[in-house]
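Student: The whole structure should be built from the sequences, with the hints applied where relevant.
The listed protein sequences correspond, in order, to chains A and B. Its first residue numbered 23, the first sequence is counted upward by one per residue in this note's numbering. Its first residue numbered 131, the second sequence is counted upward by one per residue in this note's numbering.
Just so you know, the hints here were simulated from the structure itself, not pulled from any lab data. Glycine is no exception: its CB is placed at the ideal position from the N, C-alpha and C atoms.
Chain A residues, not near chain B, derived (Cβ > 10 Å throughout):
#1 Asp53
#2 Ile122
#3 Gly124
Selected chain A positions facing chain B (in silico; Cβ < 7 Å):
#4 Leu89
#5 Ile143
#6 Val146
#7 Leu147
#8 Gly150
#9 Ala153
#10 Ala157
#11 Arg166
#12 Arg167
#13 Val170
#14 Phe171
#15 Ile181
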Amino acid sequence: MKQLSQRLFGPLTLTAMGVNLVLGLWIVPPDKVQGELARLVYIHPSVAWVALYVSFGTAAISSALYLWKRTRSVVMDRVAHCAMEVSVVFIALTLITGSIWGRPAWGVWWVWDARLTSSAILGVLALGYLALRRANDDPQLRARRSAVFGVLIAINVPIIHFSVQWWKTLHQGATVFTSNRTLLIHGIQAWTLLISFIAFTMLFFWILRYRYRLEVLRENIAGASLEEALSARRREGAQS
Amino acid sequence: MIRTALLVCAKDLRIEMRSRVLLWQVLPFGVMALLLCGIALGPARAGNSSAGPGLFYLVTLLVALLMINRSQSVEKTPGTKASVATLGLDPAGVFLGKSLALASELWVTGVILLAGSVLVLHTSLHGAILALPSVIVTLAALAVAGTLYGALTSGGDGAATLLPVLALPAFAPLLIAGERSFSAALHHGGIWRWWLILSVALVVYSAIGILLYGVLEES
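Tutor: Printed below as a string of structure tokens:
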């Protein structure tokens, strides 16, 4: 059953992405004001959702669970690492798709907007997390430090979330819901947006699963290489 | 915990008093960086610049990085970590002590750099005095966060280069809040909102440090 659900997850993700693409690019009518440009709304918010909340949430929760002695395990460390690596890709996509929208809408590729700047800072922090992992050879020390840093980075996520309210700069505020939870998008636009959120969330977990498997394989190969080198040294010692 | 904090703080400050690294290395660097900011702005704008608060905090951040590295390097002497472990000192106390020592050093540096920005960048003296309480809170938050980041990067490969990569983006919100509160003090604006953000940052970083510093020091 578990095997079957794992096998089905990939095709389901691809189907959801395909449906999102068809609906977003062809079926949903263009916007009255922004025309075809508004189609980016079926990519950019969902990519940002994955980058800021899903991937960082996964990394922060796994890091916190690693720091808690009762749940400390190498699995938590691996999940945090892999989620952070995937989040770097999604943050980059968020900034790129945002810039593609910003150029025709604002006239520039980049503005010193609070949301944009804080998102870029989060991207640098995620890269810093990966640099921190590379700087420590001892697996336990690396895992502990990365976990602390993973929790520390998470402080920036609420700053980014509320940046549009605190600073009131160029980036628009809430798009889907108003502050009193009233839906701002209706009909096929709302459904397509919902599908895009689901599709990109599934895509994140699909990539995460493969990245995790890759990490396990990498660790096994590193362990096997070390074992092989030790055996070779032992053989050399026995011969001499 | 408080007793340990005071002990560690006194130890770090005593090392600083004896080595005079702050006086002979860090402060000259800070003054030079402030002068370079003036040179970069040009003579026409350097003396009449609204960028004064931002430049003050930028220089303070650069100086803080040096001091954080210094604060961690005093623990690298062979046997220090083992001694701390043998003594059974409370890690939360060690964290608070190191933060307090770093904050004290940053306060001294901050006051000198503030005087320098009044002199070199022509920041209003009255505004700088009004901004002093917010500078003290900002530097305390920087010290607490810096101690955490210093411990995160200490000992590994390229620790000195890793610290700016990790700490500078994390310090950015503190820099923004500090600069805004300084600017608000200069223009007699409301500074309470920025004070609140800085105080929250100070409390959050202190709480995380108290909880997690022990994990970083585990061997």
